Amino acid sequence: MVETLDALEIYQRHLDIVSRAFWLEEWDELIRHMRLPGHTRLRDADIEVTTPEQAVAMHKELRICYRRIGASDYCRIGYQAAFTDKAQTKIVGRHRTHVVRSGCYVLPVYDCEMKVQLHDEVWQACGINCSVSNKDVNIIGAVANLQDHLAQA
Amino acid sequence: MSEQAREIYQSWLDLLAQAVWCRDFDRVASHMTYPNTMETVDGSSTIETPDEMLAAVSDFRKFLERVGAQAYLRVCTSAQFVSADTQITGQHTTYILRGGTYLLPPFSNEMTLTRGAQHWLGTYIRADVNNHTCTILSPAQLRRARLEAGKSHLMEETK
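If you read the sequences in order, they're chains A and B. Going left to right, the first sequence walks through residues 1 to 153 as our numbering numbers them. Going left to right, the second sequence walks through residues 1 to 159 as our numbering numbers them.
Pulled out of the complex, with its shape left as it was, chain A reads as follows (with noise of 0.2 Å):
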């Protein structure tokens, strides 16, 4: 029998994967599903990143980043999502981060919009806008200084 998912499940799904590969730092899996190049829009900042390496680091940097602040576990719940093609192959979706520790909120929940789309049977990210600054979660840090410095080469 073939399994016919929504487009939430599976925005939902694809939210699951990825939290846990990079809560476990799982960086290959959590690379095979981003979809590269991919556009990430904070408030105050705005990125493309284009190679595997460049997203490894950037989420590095943010893994350390829950750490340094003392999270204790990390859960994205979406709560919207739509196909945006006939074939169903993309998903436009917004979702809810939630980094938690002791029970509380170690950061104000923060709303993402963020479209997936099916690759070789896989959801890949493919660009995502957070309504959260730079300055309070370091999502862009290595990319962003490692573009600086190209930039000043």
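The set of hints was computed from the structure by calculation and includes no laboratory data. Given the structure is predicted, the values throughout are model-derived calculations rather than measurements. Hints may be right or wrong, so weigh each one.
Far from chain B by the CB rule (all over 10 Å, computed), these chain A residues [to be verified]:
1) L36
2) R41
3) I47
4) I64
5) A87
Some chain B residues near chain A, calculated using beta-carbon distances under 7 Å [said to hold, decoys possible]:
6) A17
7) Q18
8) W21
9) G68
10) A71
11) Y72
12) L73
13) Q91
14) Y95
15) L97
16) G99
17) T101
Covered stretches of chain A, as calculated for chain B (at least 3 residues, CB under 8 Å) [said to hold, decoys possible]:
18) 7 to 20
19) 49 to 63
20) 70 to 77
21) 103 to 111
Note that beta-carbon positions come from the ideal geometry of N, C-alpha and C, so glycine has one too.
Starting from the structure of chain A, add chain B where the hints point.
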């Protein structure tokens, strides 16, 4: 969904989740009405006193520890005022987490809050999960509730 009701409901969830996690069971007990009804898919329990609530919450916290939970999160999905703004009914999803993933499949809940003199109080909760999967109802209290239900059933039959 009323935004104000949702905010009150979510604040209550956050406060109590933190109290459970930090073993501040007095705080949990002081945010409930008595008798307090708790239901799961496979059982129900009426908690008559704050002391019984302390025991029940302590059992639940032990369960979280036993399964290796690293975080306990409850997120409101809907909430609305009823009874002239003195009660809120709502739904939320419970997430028990470890290492960026779920230790149990997230489950939904229905809950009623009643406005108290100082703060909102939990009156009723129904969790859409089996108690043998997630120990929401204290095993001792559940056994007692089943015994009492059995006794009253027997009395009905012998009338």
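Structure-based check of each hint:
1. L36: The assertion about A/L36 holds, with a minimum of 22 Å to chain B.
2. R41: holds (23 Å)
3. I47: holds (23 Å)
4. I64: The assertion about A/I64 holds, with a minimum of 15 Å to chain B.
5. A87: holds (30 Å)
6. A17: This interface hint holds because 5 Å falls under the 7 Å limit.
7. Q18: With a minimum Cβ separation of about 4 Å from chain A (threshold 7 Å), the hint on B/Q18 holds.
8. W21: holds (3 Å)
9. G68: violated (11 Å)
10. A71: Nearest chain A Cβ about 3 Å off; hint holds.
11. Y72: Given a least distance of 5 Å, the restraint on B/Y72 holds.
12. L73: Constraint on B/L73 satisfied, holds at 6 Å.
13. Q91: violated (13 Å)
14. Y95: Since the shortest Cβ distance to chain A is 5 Å, the answer is holds.
15. L97: holds (4 Å)
16. G99: At 5 Å from the nearest chain A Cβ, B/G99 passes the 7 Å test, so the hint holds.
17. T101: OK, holds: B/T101 within 7 Å of chain A, min 4 Å.
18. 7 to 20: With 3 residues in contact (Cβ-Cβ under 8 Å with chain B), the coverage given for the segment 7 to 20 of chain A holds.
19. 49 to 63: violated (count 0)
20. 70 to 77: That given contact holds, which follows from 5 residues of the segment 70 to 77 of chain A lying within Cβ reach (below 8 Å) of chain B.
21. 103 to 111: Held - the segment 103 to 111 of chain A has 3 residues with a Cβ nearer than 8 Å to chain B, which meets the minimum of three.
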